[in-house]
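These protein sequence lines are chains A and B, in that order. Read in the UniProt record's numbering, the first sequence has 118 at position 118, and its numbers run on one by one without any break. Read in the UniProt record's numbering, the second sequence has 33 at position 33, and its numbers run on one by one without any break.
Hints listed in this document are in silico derivations from the structure and should not be mistaken for laboratory results. A couple of the hints might just be wrong.
[Claimed, not checked] Where chain B lies over chain A, by a calculated footprint (3+ residues, C-beta under 8 angstroms): (1) 80-87; (2) 99-108; (3) 115-124; (4) 130-140.
[Unchecked claim] FRET-style restraints, in silico, Cβ to Cβ: (5) Gly-134/B / Ser-130/A: 29 to 39 angstroms; (6) Ala-72/B / Asp-5/A: 46 to 56 angstroms; (7) Ala-118/B / Pro-144/A: 41 to 51 angstroms; (8) Arg-113/A / Gly-134/B: 18 to 28 angstroms.
[As the list claims (entries may be wrong)] From the structure, some residues in chain B lie toward chain A, with a derived Cβ separation under 7 angstroms: (9) Ser-49; (10) Asp-50; (11) Ser-75; (12) Lys-78; (13) Leu-84; (14) Val-87; (15) Gly-111.
Glycine is no exception: its CB is placed at the ideal position from the N, C-alpha and C atoms.
2 protein chains.
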Amino acid sequence: MEHPDCPLCRDVGGLPVASATRWRVIRAAEPDFPAFYRVIWTAHVAEFSDLPLADRDALMAVVVRVEEVLRAALSPTKINLATLGNVVPHVHWHVIARFDWDSHFPNPVWGERRRTLAVPAEARLALPLSELDGRVRDAVMALPG
Amino acid sequence: MEHPDCPLCRDVGGLPVASATRWRVIRAAEPDFPAFYRVIWTAHVAEFSDLPLADRDALMAVVVRVEEVLRAALSPTKINLATLGNVVPHVHWHVIARFDWDSHFPNPVWGERRRTLAVPAEARLALPLSELDGRVRDAVMALPG
């Protein structure tokens, strides 16, 4: 199933947060969006609909669990979910906590910047990222791997 | 459940394609991305994780069915799925067929334009949009409403 040219087959793809057989969760190192996690499917499949229903359900359960942790811990203005894969066609979900004060809000993170922050975005979160990572890890590791 | 200030409570939100009790499918009128559908949840809820599991499953079944129709009919380079809602916080999923020749590829549709097309994007699709709408309608109307 592994694809030699695929960066998500080759590398973990970010800061490792949790890992199971079928999926892993990483945190993206995006200074503008510190609470930006990715749920990466282990097998190299390009499209969400390439997965059978049971696997789609397992994957969305992880995505929703990450969303729930971000909402409970950070009270974000909005959660953004997306699976694009135009550059890396290996199924991965972006789970991003957005705030009305962040650099791009209400634009998508891929859109135009709206403002420059006086303090790093990370400093405005309600808890340190190491603690947030721990909460995400605890929540997703309770799910079937 | 209706919210008087919400455009997706007030209006259909695009070209109507299919409608059931809990959800509807519309086509966005985006000339750069002609095969751009949205699956809109009927009730006014802001976040995907606000929905109970059975409703999330029903919603993702519609999203996946639209994705499958777009793949079968158009052989796109990639499908993009997203639920953002920064501007309209009423759960809706974007389902977008992307092509390596489209105006923004590989950037997200919300990102920077990469090229100008000599012919309208719609003219490059393998079938007319009216026929595509019909296939999407037939596929999703077979699902529980």
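- Message: Going through the numbered hints above, which ones does this structure break? Give me the numbers in ascending order.
- Response: 3, 4, 5, 6, 8, 10 and 11
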